[in-house]
Amino acid sequence: MASEASKSAVPLLKDELDIVIPTIRNLDFLEMWRPFFQPYHLIIVQDGDPSKVIKVPEGFDYELYNRNDINRILGPKASCISFKDSACRCFGYMVSKKKYIYTIDDDCFVAKDPSGKDINALEQHIKNLLSPSTPFFFNTLYDPYRDGADFVRGYPFSLRVGVPTAVSHGLWLNIPDYDAPTQLVKPLERNTRYVDAVMTIPKGTLFPMCGMNLAFNRELIGPAMYFGLMGDGQPIGRYDDMWAGWCTKVICDHLGLGVKTGLPYIWHSKASNPFVNLKKEYKGIYWQEELIPFFQSVTLPKECTTVQKCYIEISKQVKAKLGKVDEYFLKLADAMVTWIEAWDEINASAELPNGLKK
Amino acid sequence: MATPSTALLKDELDIVIPTIRNLDFLEMWRPFFQPYHLIIVQDGDPTKTIKVPEGFDYELYNRNDINRILGPKASCISFKDSACRCFGYMVSKKKYIYTIDDDCFVAKNPSGADINALEQHIKNLLTPSTPFFFNTLYDPFREGADYVRGYPFSLREGVPTAVSHGLWLNIPDYDAPTQLVKPLERNTRYVDAVLTIPKGTLFPMCGMNLAFDRDLIGPAMYFGLMGDGQPIGRYDDMWAGWCVKVICDHLGLGVKTGLPYIYHSKASNPFVNLKKEYKGIFWQEEIIPFFQQINLPKECTTVQKCYVEIAKMVKEKLAKIDPYFDKLADAMVTWIEAWDELNPAATGKA
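Quick mapping for you: the protein sequence lines, in order, are chains A and B. If you're matching positions, the first sequence starts at 1 in the working numbering and goes up one per residue. If you're matching positions, the second sequence starts at 359 in the working numbering and goes up one per residue.
Under the rule of at most 27 Å between Cα atoms (straight-line distance), these lysine-lysine pairs were calculated in the DSS-like manner: (1) Lys117/A with Lys466/B; (2) Lys673/B with Lys633/B; (3) Lys112/A with Lys466/B; (4) Lys368/B with Lys451/B; (5) Lys52/A with Lys270/A.
Source of the hints: derived by calculation from the structure; they are not laboratory data.
Bound conformation, chain A alone (with noise of 0.2 Å):
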């Protein structure tokens, strides 16, 4: 196999690339990071007490922005950035001048592979989002353009050229991503299965986006990743990275835009409070019977071109059905909209000629 040399063939993107990184303690984790992130600018979102210093360690090239910095820069539109709450990351992207956005929470470390290597989650993502995805037909050898594996026999060959990889959603070895029913249940149970696939989400098929490894191209779906209101003065949490999820996939799904799932691993080390987990997530559980088939049935009118169109789109259409299961979600319609504003905002400098933003 190919490895060494593809390693050094596959484009490091270092002036193309950020890395977010919501924090509320310290980045002690950087250092195991290090030999992968130090080319990378980082973009950390400070949570809670903005008079508390987050100590970066040496040598990387980064901008930090706490609470105070986000009221500052948003002004009243700050009011959709979550706050006691890793949501708030998607400030991040929000600020960000690159083409693609790397986050990764705090309690992630570097995970090594079957044979002991240590895994290079980010050359794994810039290898998911640089190649096409393929959503209209599943390929069982997973991504053909992974190396040795191809499209199969019976794939239709006008499907061969894929579409643009928008999203690039990494796993996690040891502590799974479960929620907080499933944590109380299975308190022990650890993820140890390493699968070696990188796989496309099927078009019209909605997934759990997790937000603790994932990578997307900010300019094909940046928009749509916004994380919610969450936290502080908010009847939720842990459903940031969830509503982010859904309002990508089917936008993805309607212009055309592939997610992958699968590889890379990162090694999750800390378990949340199942106690703490269910207090916040609890009404998310019995919401999101009802969130599901909106989001199943959502259809996005044609005229939605673009991502802004489509997620304005979207939150009028949670006004207009999800405001009877809680009115919750008429504010959260309300701050997908101030969100599109800023974002269009922060992003007005550099606008393309045929409308998209940069």
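With chain A fixed as given, assemble chain B onto it according to the hints.
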């Protein structure tokens, strides 16, 4: 994994093997297959004697048997193509079928242990599928896995699994153009996953290492008209797979793919393959959209009703591509008639 002390479902599963040459490959499978009943479908020259290794319990059908049993309806069973295997599905009296090609051997997992493919297929079939929402840790019913955060609780029961589609190490199942362009490529990647193919998504179903619940989906497993006298080959399992998936999606049944792996030893001749497939290569450009747009009416509540409805649509919409599809649509109806004749007690979905 130790050799099985109790063979799961040994009185409920038949292993269907099409062959034209010999069954030596069964020696390697003996530890795993011997408890099961085999249905051998002998293609090609019926006067040839196929030697079955000692100790296996089997029934064998050659072309003369197929003609005798089905009479005029035998026209729906292909000749000189492994598609004839579906005759074995029809005459089986069991609930489950496992079908395997005679150039498929026992593979090893990354730890070096022999893979009991049949056992994994049975696990796949006996646990639910999850076609309505993608689980990022794949099959949540496997040991050490579960549904992830954000997976709706009302969908966690899953649906019954109708099909378990296994994969192949070594010689991958590529079409002729890919084989010609990449003759040396081997599949060496062991992907330790089973997953449900989501509702609304079609896939290329390979018949080399395939198991299914005959009660749930059997009548849809018609492998079409291939081989002798037909303009196409190597699309038998593909055709069955598209019909099966559309029907499973309509009836709320699941299709899994992934483990188990077998070791595929023989690379078929790409030039011969191209001759067989080439029409399919451009026909499938119209066939796929056809299947993607099929809407089965609510009244189609059984597999047979769904299948006959698809046959009507094939006749209506695909015959303009080639008169072959007209013949195929008729053969699909003949198949269902033959199936219901041979399986009178099971005229509805189990």
